[in-house]
Amino acid sequence: MKKRFTCFIPLLFLLNVIAFAQTRAITGKVTDAKDGSELPGVSIVVQEIPGLGTQTNASGSYSLSVPANAKNLVFRYISYQQKTVSITSTVINVKLESEQKQLSEVVVVGYGTQIRQNLTGSVAKVNSREIENQPVQSFESAIQGKAAGVVVSSGSGKVGQGIAIRVRGSSSVTAGNQPLYVVDGIPITSVSVGDAVNFDPSNPLADINPNDIESIEVLKDASASAIYGSRASNGVILITTKKGKSGKTVFTLDYFTGISKPAVKRDFLNSQQYVELFEEAAVNGGKYDFANDIENFGPAANEQEAIDAYTQYLEDNFDAFSAGTDWRNAVVNTNWQDEQFRSSAGNSQYEISATGGNEKTRFFTSGAYSNQEGILIQNAFKRISGRLNLDHSATDKLSLGVNLNLARSRNDRVANDNSFSTPGQLVALPPIQPVIDPSTNELSTTGPYYNGLIEARDAYFKTIVYRNISNAYASYKILPALNLRTEFGVDVLNQSEDGFQGRQTQGNPTGNGNYRTVTSLNYTSNTFLSYNTKFGEKHNLEAVGGFSYQKQDVKTSQVVGEGFPSDDFKNLASASDITFGSSFGTDEALVSYFARANYRFTDKYLVALSARYDGSSKFGANNRYGFFPAISAGWIISKEKFLSGAEWLSFLKLRAGYGYTGNSSILDFQSLALFGSSVYPNMPGYTPTQVENPDLKWEKTGSFDAGLEFGFFNNRLSGDFSYYNKQTKDLLLNVNVPATSGFATVLKNVGSLENKGLELTLNSQNFVGAFKWSTNFNISFNRNKVKDLDGQVILGTGRAPQRAIEGQPIGVFFTAKYAGVDPQNGDALYYLQDGTTTNDYNSAFRQVVGDSNPDFTGGFTNNFSYKNFDFNIFFQFVSGNDIYNGAGIYQSVNADFFDNQTSDQLNRWQKPGDITNVPQARFLQSNGTRTSSRWLSDGSYLRLKSASLGYTIPGRMVKNFFSSARVYVSGFNLLTFTNYNNGDPEVNTTTISNIDNGVDFYTAPQARTITFGVNLKF
Amino acid sequence: MKSIIKTGFIFIAVVISNLSCKKQLDDIKPQQSIDSDVALTTSTGVVNTLFGAYSTIAYGIPATAGTLGTLYGTNYNLIGELFVNTTDITWSGSFTSYRDINNKNATATNVNAANDWTAAYSAINICNNVEASIGVVDPSIKDQILGEARFIRGIVYFELIRFYAQPWTGGPSGTNSQAGVPLVLSPTTTIGNELNVSRNSVGEVYAQIIADLTSAESLLNETMDDGRATKYAAAAFLSRIYLAQEDWQKAATAANTVITSGHYRLVPAISQAFNNSSNSSEDIFAIQQNAQANAGTANSGLSTFYASMPGIGRGDVDINDSHLQIYETGDARGDLFYEGTGDKPGILRTSKWTDRFAVIPIVRLAEMHLTRAEANFRSGQQVGDLTPSQDINLIRGRSGLGGITITSVDQILLERRKELAFEGDLYNVIKRTRQDVGGKKYNDPKLIYPIPQFELDANPNLIQNPGY
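First to last, the protein sequences are chains A and B.
In our numbering, each number is its position in the first sequence, counted from 1, plus 533.
In our numbering, each number is its position in the second sequence, counted from 1, plus 126.
Calculated directly from the structure, the hints in this document are not laboratory data.
C-beta: ideal position from N, C-alpha, C; glycine also.
Hints should not be assumed to be uniformly reliable.
Said to hold, decoys possible - Pair ranges (Cβ atoms, derived):
#, chain 1, residue 1, chain 2, residue 2, range
1, B, Thr170, A, Asp1321, 40 to 46 Å
2, A, Phe1102, B, Ala424, 20 to 26 Å
3, B, His389, A, Gly1153, 49 to 55 Å
4, B, Asn322, A, Lys1318, 51 to 57 Å
5, B, Gly593, A, Gln805, 40 to 46 Å
6, B, Asp562, A, Ser1116, 53 to 59 Å
7, A, Phe1134, B, Asn322, 44 to 50 Å
8, B, Thr170, A, Asp871, 55 to 61 Å
9, B, Asp264, A, Glu975, 42 to 48 Å
10, B, Gly526, A, Phe1102, 39 to 45 Å
11, A, Asn1258, B, Glu320, 35 to 41 Å
In isolation and in its complexed conformation, chain A is listed as follows (with noise of 0.2 Å):
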């Protein structure tokens, strides 16, 4: 314990620390420089203190107070070119020029912050505004098509699940490829610590209240992740949480309440269509059987005699499903897709907010509460956040802060796509089969699978999440140029997860109760100088350095019970049998260190240098160290003498970088041969779980970035065009081995893939004045190949025939291709090598037949405002990418099984001649049931993501109770343009993976939400 303090000595150190300084006020008025406006909500700063300020009111003043050292103080409006005016009196009034906000804009990096324009590497930035107030459970939905180079991708409808994010590519097969996050300077939990056999991953990052953020930037390449070094190859996403601001305590109401329903449906057969294509599919199937002399109900006399057993075995099966009603008039119609969703799933939020403070200390504080239900019956996500964000000026030279966290979520999960009990599989159940059985009155039990619904009424399973996420900190400037600055953060995760599954539910005659818990402490302390100092006229430097310690302690314990007495008992306590009782720990810890420097050069030419050097623990002893290093370079071309005559062009810059990250996000312990631990009843014992690698290292990528960043007449035109090239190598590879050896895999350093891509941001202020319509446009192409795999095929472990083989990108779709049905017998066809056809599966050829990676993803958003009104329209679009559909083998299958089939499936071939997609049904027969292209499709769409209409109330009519009041109606997801017709294309069966992506499993759609709003700051 004394060593683990030790790490944290120089926070204390900085505390003690303390002197005092005089103040003086400050007035003014802020308008815009060509038609006089006055300009409310203008953030204006000290410069010398950064975080002491103020925001005009609705009349465009401001006054503050600001110490006798305060020099300069900085103007920031958005659309607005910054203005730094120096303080010579106490009345101050200003003039600003409106301006393409992007390049002077502030945007956090590692250990610091820079101005747009100087930065060397690739940075997206995405602002509060674009966040707050959405329907969504955790940042990452919001910005979803909002940055280049950033794919978000929510695997279902469920709420409060983990969200697949990549940042140009993916850069690992077996190790993972989500990024870094980091909130307010400290690395946090991101990944699922829940229990990942039944469900979903769960979310960590939900319980970040997402109207907290100020803003959030993902560092893309190397030059501007490196400083992260091994954990950077998947991009950083820096997550900084609003700060307060000095001035008049600024109080905030946002509310909002809405309904969503699914945005897309399916059609199935009903009851009529099912009999119909059953009864055939009988016949077919006995003659079939009888023809081949497979004797599935014994051996046939006749042909007749086996239609007979086929028909006899249907329909003493739908008269169980039917529940003794007259399924052969259809007098059952259940539509079991409806019964997967709520009639309506309610949502709502309520939050408040301050801000305010003065000179010294500055406050931000807020509290919300957020209620979704999702649009499957059962699940439903609710938060209860608290926020204090406190930063304090000792004195000139010291000053210090808290960001304090509080957040507890609830999440009424079901169970993941794979389990006969989630409401997504209902769809599998026969039209004919009641809801409710008439001979007991209770929920039908009648059908070919379990019915869903009585996990819905029966049980449940609540995630229960308190999350501390805070830090603290203290910064001291030694020099004038030098500063110190030490933080410590905490993160907090107690998860607790408590299910229950009644005695009519499936599996649990005597009832099932499980409780699992997590706690996962994850602690880091950062302690770095910074250095900024101008040398002569020309030269400028801007240098960090310091290490970092980050340690994560995760133990999980959990106990599953049966042999309740009731279902009204529903702790374990009253469990007669415990079934499993298990408790596991694991952690581990990275010590590092970083610098970089960045120089100036006229303002003109800009380097930068960055590096770190990072050990972890869960490498073996030969290659615990790894040292990430990266340089870039920028040239402000605009600023060039020759181009000075070019009026429309307002910047110009070419900036180019190269640099190494790292991948180390691997189970721990990797490198050794272990056993774990085996159970037997009264023999306790080991088995080998893995052999040992010594050499085991980091995967590390090699990335070149280059852009162009430019803006065009006064930069009403503004964008960013860049190229990447990531190199990665010496791949975390799970390596298949031949399991005779007793294992199946083991970790090696082996092999190579690459992402190259472009990007292009443009962003155009299309009207000014008083119709204001701006356009933001982003579009990413991004080319994923497996390059070496010591030349191994890595299968994936989902619903689809997915692997990652090299040459392709990886997860592509291999498996037999399929061919359509033969027009004189109705056989499923695959293709076999040279192009022709079989209808024996077995010699079909197994080819790639699609891939899962879009060729481009982007988005598209249109901001309008008139007077007090605003408009803004939001679209986000995939292109490229293949989509299968796991279920494909029971649900579209021309009835080989009970399972209710889409209504396409009514297409089937039926006589000599008959041209389709569909085979012959043939009741049991697996004909065109087998993994194949039958079930890929081409999953492109354009999204209507989000629109919003606000209407700001004049202030005349509400300043007596508001400063301002804005009321608005959203909605999100209202419109799908695709050709993929099997669905909702926004799905992923196993939400966050490598290899399996694009799956689509019994997935719940997306939702389609309209929301309601208003907005009050008082």
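Position chain B against the provided structure of chain A, taking the given hints into account.
What follows is chain B alone, placed relative to chain A:
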């Protein structure tokens, strides 16, 4: 000046604290696994490793348990029935990997073929580890532990050769050069090309099985706690192997060794042989289960597939009503059925597998009597003190039937079918007696597993079975 001193302090603190952080990297050790050096260097460690083999052959590999069933806890019974039992059962489950086996149209990527292969060789690797580390085992239990390791290795190779290779042919002296499975007899400690093994012949694999089981028989104790291998468990498995080789003399001798050991007796009523919480008096070798450790209750385990009771089982194996016709009136074995009341209710189910946490008999004494009767009848000799008719009538009598005189081997096989129905024995009978299955010959390529596709991908030296 003051601030310079402060700054100096801060730097010293930074340096000291950093050095202490660095040491912490080395202090981090796994909390629930142990290093192989620890596991295999003590007597207790080696014994625990052996126990890991029992767990593996019962429930599969711990990390993948719960996905689909494997080995003795599920598949050595279920897969055998699905391959050959076209008359007595109908598969009504949704798992396509099982349905394909049932329909004789499995593919090389069949999940069961993959899981059973992987789990079997995982168990073999454990046994090889135990054998290689036997030197550290306490001398008082050394023979028993080595015997158990060889026993498990022997029986797992026998199961592998049954399901992944064509059956033994040519009687006791047959050479059997057809492709068997790779024989791996030493533990895996490093990963390299030496792991790319080739398939040994069926003859070679049988020789290894007999060597292992014969050695085990001589090393093992006569009795052990429930679940652990004994001298007679080895003998009982040897009788199965000799039957498969049509070595009647040896089969009868091995069975007779078990019968005459005096450690086993038939339970009074056949129903008492199943769903017990500990071994019955006629269990020679049985898989142990309880609420904490079992073959599975959702997607694996025998009761999961066979049973249909409220909350128990998926009811995936329907027993055809016609099956009841093979039982004579009054046969207690004909009463070991019930109409399902859980999933897919109203369909006939076997009562042998209804308790999720019960012992699963692998070899029962009844089988030894049936084996001795058949072997003696076929060889025309009499090993033991009962005639074939007397052996058979012992079994019939227990189930309330009168005596018969055995005049043909079919009578014995019918009795065997009734006695061992749905216990996975039929597969062996069909193969060794070369009966047709539906329209297919006993050695049809589709009546055995494929070599798993991923194994062929990982090991270029392996050759696929014909038909896949």
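Hints, one by one, checked against the model:
1. B:Thr170 <-> A:Asp1321: 40 to 46 Å: Cβ of Thr170 of chain B to Cβ of Asp1321 of chain A: about 44 Å, so the range 40 to 46 Å holds.
2. A:Phe1102 <-> B:Ala424: 20 to 26 Å: holds, 23 Å
3. B:His389 <-> A:Gly1153: 49 to 55 Å: Distance hint for His389 of chain B, Gly1153 of chain A holds at roughly 50 Å.
4. B:Asn322 <-> A:Lys1318: 51 to 57 Å: violated, 28 Å
5. B:Gly593 <-> A:Gln805: 40 to 46 Å: Once the Cβ atoms are compared, 41 Å apart, the range 40 to 46 Å for Gln805 of chain A and Gly593 of chain B holds.
6. B:Asp562 <-> A:Ser1116: 53 to 59 Å: 54 Å Cβ-Cβ, so the 53 to 59 Å window holds.
7. A:Phe1134 <-> B:Asn322: 44 to 50 Å: violated, 60 Å
8. B:Thr170 <-> A:Asp871: 55 to 61 Å: Holds: the Cβ-Cβ distance is about 59 Å, inside 55 to 61 Å.
9. B:Asp264 <-> A:Glu975: 42 to 48 Å: violated, 59 Å
10. B:Gly526 <-> A:Phe1102: 39 to 45 Å: holds, 43 Å
11. A:Asn1258 <-> B:Glu320: 35 to 41 Å: Holds: the Cβ-Cβ distance is about 38 Å, inside 35 to 41 Å.
Checked against the numbered hints above, the structure breaks hints 4, 7, 9 and satisfies the rest.
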